[in-house]
Amino acid sequence: MSRRQDVQRRGLEGPRPEERTRPIGRRNSQGIRIDPEIEAEPKPRRTTISAYVKNEPGVLARVSGLFHRRQFNIESLTVGPTQNEGYSRITLVVEEPDPGIEQIRKQLNRLIPVVHVRELDSNPVARELVIVKVDGDEPDKVHAITEMYDGETLDAGPRTVTVQITGSENKIDDAIDAFKQFNIREIARTGQAALARGEEETARVEAKHT
Amino acid sequence: MSGEQAQAPRDTETEREPTAVTNGADAVVRALENAGVEHLFGVQGGAIMPVYDSLYRSDMRHITMAHEQGAVHAATAYGVVTGEPGVCMATSGPGAANLVTGIADANMDSNPLIALTGQVPTDVVGNDVFQETDAVGITSPVTKANVFADDPDSVGTDVGTAFALAKHGRQGSTLVDLPKNITNGETDRDPGAPTLPDTYEPPETADPDAVAAAAAALRQAEKPVILAGGGVIKADASEELRSFAIEHEIPVITTMPGTGAFPEDHELSLEIAGMHGTGYANMAITMTDCMLAIGTRFADRLTGGVETFAPDAEIIHIDIDPAEVSKNIEADHPLIGDAKAVLGQFADAMTGSPSTEAWLEQCDMWKQEYPMDYAAPEDAPVKPQYIVERFDEATDDDTIVTTGVGQHQMWAWQYWTWTQPRTWVSSHGLGTMGYGLPAAIGAKLAAPDRDVVCFDGDGSFLMTCQELSVAVRENLDITVVILNNKAIGMVRQWQDVFFDERHMASEYPWVPEFDALAEAFGARGFRIDTDDEVDDVIEEALAYDGPSVVDVYIDPDEKVYPMVPSGGDNGLFALTEDQL
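One line per chain: the protein sequences are A and B, in this order. Note that numbering that gives the first Met the number 0 gives residue 89 to position 90 of the first sequence, counting from 1, and the numbers run on in steps of one. Note that numbering that gives the first Met the number 0 gives residue 258 to position 259 of the second sequence, counting from 1, and the numbers run on in steps of one.
There's no promise every hint is true.
Stated by the list, open to error - Over the 12 angstroms line for every Cβ pair with chain B, so calculated as not near, a few chain A residues:
{"no.": "1", "residue": "R44"}
{"no.": "2", "residue": "G135"}
{"no.": "3", "residue": "A155"}
{"no.": "4", "residue": "P157"}
{"no.": "5", "residue": "S167"}
{"no.": "6", "residue": "I186"}
{"no.": "7", "residue": "R196"}
{"no.": "8", "residue": "E198"}
As the list claims (entries may be wrong) - Covered by chain A, per the in silico footprint, the following chain B stretches (three or more residues, Cβ under 8 angstroms):
{"no.": "9", "stretch": "135-143"}
{"no.": "10", "stretch": "186-199"}
{"no.": "11", "stretch": "281-295"}
{"no.": "12", "stretch": "365-377"}
Claimed, not checked - Computed spacing ranges between beta-carbons, pair by pair:
{"no.": "13", "chain 1": "B", "residue 1": "D535", "chain 2": "A", "residue 2": "E12", "range": "26 to 34 angstroms"}
{"no.": "14", "chain 1": "A", "residue 1": "N182", "chain 2": "B", "residue 2": "N183", "range": "54 to 62 angstroms"}
{"no.": "15", "chain 1": "A", "residue 1": "P56", "chain 2": "B", "residue 2": "T575", "range": "51 to 59 angstroms"}
{"no.": "16", "chain 1": "A", "residue 1": "E12", "chain 2": "B", "residue 2": "A346", "range": "34 to 42 angstroms"}
{"no.": "17", "chain 1": "A", "residue 1": "P56", "chain 2": "B", "residue 2": "P508", "range": "46 to 54 angstroms"}
{"no.": "18", "chain 1": "A", "residue 1": "I37", "chain 2": "B", "residue 2": "V496", "range": "33 to 41 angstroms"}
{"no.": "19", "chain 1": "A", "residue 1": "G57", "chain 2": "B", "residue 2": "D299", "range": "25 to 33 angstroms"}
I should point out that these hints are in silico values taken from the structure, not numbers from a laboratory. Where a beta carbon is used, it is the ideal one built from N, C-alpha and C, also for glycine.
When you get a sec, could you build the whole thing from the sequences and use the hints?
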């Protein structure tokens, strides 16, 4: 049934915008209610997210597509098999404000092959690896620095030396800095792989997913 | 011509037992039958031919559409009206690509849809062969789930899983890509009933403590509102919502997908909010101190700028998808679960009602201050809102309305009085022009006993008008009403305000005679130029037993108001252009 038939039609009327009652509060751009006096955008922080996923074709494409599509800031992504056949672990290092980290967790969870997602706490057991190829003019010095970083020489020839360093992100950054003096020719660096520390489980999953 | 459809097993020279599964294609068809599918919408083509060949022996009814986009929209609308996933199918390459818009549309609006696409044989996938395209790759960002079938033995379960995923949890679109050698490949496996994958467990009820805390907050509120989204309709929770709102005397606002979740002729209804919502709904949604939001994703067209959205309100958010909670608007009380189940919990947890007397008075005052109205001076051209009102008057309450996208959609939304769920079938999130006519076809097949009216714009109609051939062939009694202003009217309206009236590519110097076009298709065509003709034409068009097209030459200067500009403040909605 139509609302108003047979009445004089005058068009829209009513108090103008500036004449209306107004609310007191405000939200920030994340939709969180805030005190307008102390409005501040939440600061991004770097953290590790671990996802336990069923091996299905395209799962990695879906994860990386998700990060692109939702404009999440991703620092590194690694994926590899676990002790359970048919399941992989994806480790992500991201840099986002808290609401963004929460969204990443939830959006990953929406993907059907994803069994479990969590943010690892501030002190996970985490490692990454870098392979650095430098000029071979000063092999002893290269060797000394490799030793300093508990690294390993993978290949040495008259013109190049290639070494491997494993460790935390910071340690690898420092090592790369140190190798710069020998003219770095090429670098290949993995992302971070991580597990929760001690007794804590990285992914708590039902037996059917092990 | 519809009699040519295979309706029963036929005698052919093949020795196949009509009911036995012999190959992957049979398994696909059997999976759909097991899921209770009755109608499919699609277009034939090389790579999907084995599946069609199996359909030849099925009782399911296939509607051949003029274009794959028509198939996907028809299937989507069928899903909206029935609540069961609609099924569309197409061949590989262009067939799959033509489905993409509709797949994205359905997923954006959380509508249950399953798309089946043919694919080139697996041994040549990746070789860029004829009509090859990566359907799974293309649709990954716009589906809830999709899969490349790689085994005749499991292709039937792939389809069943896709069906179950489209239907359960937060609904959405799914796709199964069907390589020709997989559908032709031998198997005798009946896939059984659709089952969800073991990694997917949609939540049912919410945490009782969280419900209790939220109920306490609502009880203490002085200015509460309920915001009912599409999730209320999808969970079939309209009845629960209605009794809850009435018992506790809380005004109800619906989002666009939530249209019909609460009857607009009830005094507690504030109707619709957002960019083109009512003034009273936008005032209430801005001034509320506690919002019970159910099954909504707080889309930007609803919220305007999030900074000024319900800024004084404690937000209780019921949703089946945790990712929608605190995505756009932070929820003080997140309640994850099925809308119907959680509303039941919520009703039980209410220990009393909030005192809303003063607030209801205030809302009534806003209703009086900002009535929905349009100017209609004598001798003015026909007003589109008037057409909507007259059709509403002339049809039953359970009439299904479909629309395209643009001004006509907004007028239909604003000036029809919505009283029942699943009567408003439109493209919300994606805003897909051309949705209306194929949606009307799907809706009519889903509800053959109800009236189906499609409000379309001249621009939207031109995008999918070839589907009229299907409506005629199937003799579907639908009425398409073109609110014709010879323009992409919403764009022109924005150009007037935001682009200094530079009407670039928004006006048609010429449009076809849509009534004559309809007749050429074999439908009935009508045209309205003046108010005097309106009632007679409506009567005749509705009475005609078959598709009819009513081309209404509306006032080309009519605009859609109230309006909150994109990212604007709902409370500062403009009633006229000069207030923007």
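Item to check | Check on I186(A) being off the interface with chain B, judged by Cβ distance over 12 angstroms | outcome: 30 angstroms, holds
Next on the checklist: Can you tell me whether the CB distance of N182(A) to N183(B) sits inside 54 to 62 angstroms?
Outcome noted: Given a distance of about 59 angstroms, which is inside 54 to 62 angstroms, the answer is holds.
Checklist entry - Does R196(A) really sit off the interface, with its C-beta more than 12 angstroms from all C-beta atoms of chain B? => result 26 angstroms, holds
Item to check | Given as non-interface: R44(A), partner chain B, CB spacing beyond 12 angstroms | outcome: 18 angstroms, holds
Checklist entry - Do the Cβ positions of P56(A) and P508(B) conform to the proposed distance bound of 46 to 54 angstroms? => result The hinted range 46 to 54 angstroms holds for P56(A) and P508(B), with Cβ atoms some 51 angstroms apart.
Next on the checklist: Does the beta carbon distance between P56(A) and T575(B) stay inside 51 to 59 angstroms, or does it fall outside?
Outcome noted: Cβ of P56(A) to Cβ of T575(B): about 55 angstroms, so the range 51 to 59 angstroms holds.
Item to check | Given coverage of the stretch 281-295 of chain B by chain A, tested with a Cβ cutoff of 8 angstroms and a minimum of 3 residues | outcome: holds (count 3)
Item to check | Given as non-interface: G135(A), which should sit over 12 angstroms from chain B by C-beta | outcome: With a cut-off of 12 angstroms, G135(A) remains clear of chain B, as the shortest Cβ separation is near 41 angstroms.
Next on the checklist: Please check whether the stretch 135-143 of chain B has three or more residues whose CB lies within less than 8 angstroms of a CB on chain A.
Outcome noted: holds (count 5)
Checklist entry - Is the distance from the Cβ of I37(A) to the Cβ of V496(B) consistent with 33 to 41 angstroms? => result Check passed, 35 angstroms falls within 33 to 41 angstroms.
Checklist entry - Is the nearest Cβ of chain B still more than 12 angstroms from the Cβ of S167(A)? => result 31 angstroms, holds
Item to check | Non-interface claim for P157(A), where every Cβ of chain B lies beyond 12 angstroms | outcome: Since the minimum Cβ distance to chain B is about 42 angstroms, P157(A) lies beyond 12 angstroms and the statement holds.
No hint from the list above goes unmet by this structure.
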